[in-house]
Amino acid sequence: MTEKNLVTAIHDALHDEMAADDRVVVLGEDVGARGGVFRVTQGFLEEFGEARVIDTPLAEGAIVGVAVGMALHGLLPVAEIEFADFIHPAFDQMVSEVARMRYRSNGDFGLPMVVRAPWGGGVHGALYHSQSVEAFFAHVPGLKVVVPSTPYDAAGMLRAAIADPDPVLFLEHKRTYRLVSGEVPDEPYTVPIGPADVKREGTDLTVIAYGLMLHHCLEAAARLEQEHGISVEVVDVRTLNPLDRETILASVRKTGKAMVVYEDNRSYGAGAEIVATIAEEALFDLDGPLVRIGGPDVPAMGFATNLEHAFMPDVDLITQRMLELARF
Amino acid sequence: MATRVTRRTPPEALGLSAEDLRSMYRTMVTARVIDEAAFRLNRQGKAPFVVPVSGHEGCQVGTAWAMQRGRDVWLPYYRDVGVVLVAGMTPYDIFLGLFAKADDPSSGGRQMPSHWGSRRLGIISHSSPIASQLPHAAGIAYAIRYRGEDAVVGSWFGEGATSEGIWHEALNFAGIHRLPVIFVCENNRYAISVAQDKQMAIENVADRAPGYGFPGVVVDGNDVLACYAVMKDAVERARAGEGPTLIEAKTYRYFPHTSDDDDRTYRTREEVEEARRRDPITRFERVLLDLGVLTASDPEQIAAEIKEDVDRQIDEAWNAPDPDPASLERHVFAEGTPQAEDRSP
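Chains as they are written, first to last, in the working numbering: chain D, 1 to 328; chain U, 329 to 673.
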């Protein structure tokens, strides 16, 4: 075991996968000489060469579309979109091509490929370096969408994503890159795509989250335990599509109270799907209202520190809402 | 600027035997016969949607003929009946798609007709959004070179496709890496109804090629041998590691964009009749008669044979089973464990 931050865990896992299998190639803007703007591919160009570490033109549609071609012809591409906010020019490739290739060919063609994208706010990224894009893609059948939030999960799920026969959108919350550290095994291991994970066990209420909000929820849960003796169970979704309904529902049935916390605009976000699932399947197990905390329905967080803070749910807000729900 | 090819290379100099020439001719006639039959079936209410090929047979068969089955990779677009016939699809396969049958090799009846695909034949599945297959062509070509193979990738599209941003992105990437891929533009002057002068300010799509660092060639798309000649050069260049080529074949489509279009709203009958006088099949027929490859009675007899054969395949396809509605939820993701899935191409 080694203590690593999240971005280092991703770097190391990707490095090991490239070292182990020469079908794995990385492509994207600044992944070569620069080693990635977040340093995820630092040192790769020198070690693996420019045929496997491809600095692409500034064209996200081609980054994803070229990766599709590579995946169709025996390679295992890991494409990087520099910021998730810039994936929109590749939306047609993601939705029309990547997600639908297997279905439209009646199973004849598959796409073993990964698209990595740093997402989320809290880094003074303003309108176009802070976005949450997960709901756009989790809505599309045929794409697996994962949101690992700890170094252990990120490294293990990246290996699982590269080994997966289907396309995986691998979302990395950029505020957690260097904020969150944890123990990571030195030997290769995988964390399966699909299952959610109970990050903190509790009995009074269930909170479901991912990304930076998961860590806010864990902090709020610890505070509630300490200050009020309230026991909060925190479920880390980890994979948004396919969603692990069983783990979420089992936790909600146990505690009888449920709250979802996410950073994306509240309306039509992933939290809406999770809350709807609970309402459909576990309504009569609930002892309180379903609570949904999300970002406000405005186009973006601002660059100014206070505008950014005003957008993002924080630990105080989450603690307060947890307390209200626990006391309901 | 693009090179304009108007040469008359004798077929033997192109390495084409009399048998090759007859096969090319038969393939072009087969494409035309399929078109006529498909429209007949559409009028009979048996085929809800038809994408016609007529007029494009020369540029499709001519360019595709320079590639090799079982070795090269094909990325056609929806009008490419001629290309997929050369790649190895049969009329039966094509009519399975037209009738949306369970055994339709492209999609098992999921996609609209003429959305080709077959892993067995190396025809890559494509969608309806225009030009979206071109970055795939570049990516496959990259993988071919990475793996040390000597295959090439052929891709086909209309002139409307060249306005899409992803068209530029794909050609730019292919040019940077000098990839073994050939881009073939079948320029029929209309993107549904939008004429070329509303699509671009230039006369030749191929003139854009130097902007990507590789050659562009304009060829008469109704001259099947000229199309073969330029594609043969392009394939040889690609196989030799000399990079991509953009070929622009000037042609015309005789029928509306699809069975749901009405081309009388945007072009005159006189213009269509004028274009039909440059018909690629008639023209090739004259060449083959002059060469003695065909005798005077051959065209009629060959057309009759092909019609009979296609009609038989239509009947078989019509009687084939429909997809099982219970299969609706299959193939969203790989079936079975990931480890069991064959990830080779």
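Be aware that a few hints might be false.
Here are some, though not all, of the chain U residues that point toward chain D, as calculated from beta-carbon distances under 10 Å [what the hints assert, rightly or not]: (1) Leu342; (2) Ser435; (3) Arg447; (4) Ser453; (5) His454; (6) Ser455; (7) His464; (8) Phe501; (9) Gly539; (10) Pro543; (11) Val600; (12) Ala603; (13) His659.
Under 8 Å between C-beta atoms, here's a sample of chain U residues computed to sit facing chain D [what the hints assert, rightly or not]: (14) Pro457; (15) Ile458; (16) Gly476; (17) Arg506; (18) Arg611; (19) Ala654; (20) Ala662.
I should point out that these hints are in silico values taken from the structure, not numbers from a laboratory.
For each residue, glycine too, the CB sits at the ideal point set by N, CA and C.
For each hint, the structure was consulted:
1. Leu342: violated (29 Å)
2. Ser435: With a closest approach of 5 Å, the U/Ser435 hint holds.
3. Arg447: holds (5 Å)
4. Ser453: holds (4 Å)
5. His454: holds (9 Å)
6. Ser455: Holds - the Cβ of U/Ser455 comes within 10 Å of chain D, reaching about 5 Å at its closest.
7. His464: At about 4 Å, which falls below the 10 Å cut-off, the nearest Cβ of chain D leaves the hint on U/His464 intact, so it holds.
8. Phe501: holds (5 Å)
9. Gly539: violated (13 Å)
10. Pro543: violated (20 Å)
11. Val600: This hint is violated: U/Val600 lies away from chain D, its Cβ roughly 32 Å from the closest one there, beyond 10 Å.
12. Ala603: violated (32 Å)
13. His659: holds (4 Å)
14. Pro457: At 5 Å from the nearest chain D Cβ, U/Pro457 passes the 8 Å test, so the hint holds.
15. Ile458: violated (10 Å)
16. Gly476: Nearest chain D Cβ about 11 Å off; hint violated.
17. Arg506: U/Arg506 check fails; min Cβ-Cβ to chain D is 13 Å, beyond 8 Å.
18. Arg611: Constraint on U/Arg611 not satisfied, violated at 36 Å.
19. Ala654: violated (14 Å)
20. Ala662: Holds: closest Cβ of chain D sits about 4 Å from U/Ala662, inside 8 Å.
Consistency note: the structure conflicts with the earlier hints numbered 1, 9, 10, 11, 12, 15, 16, 17, 18, 19.
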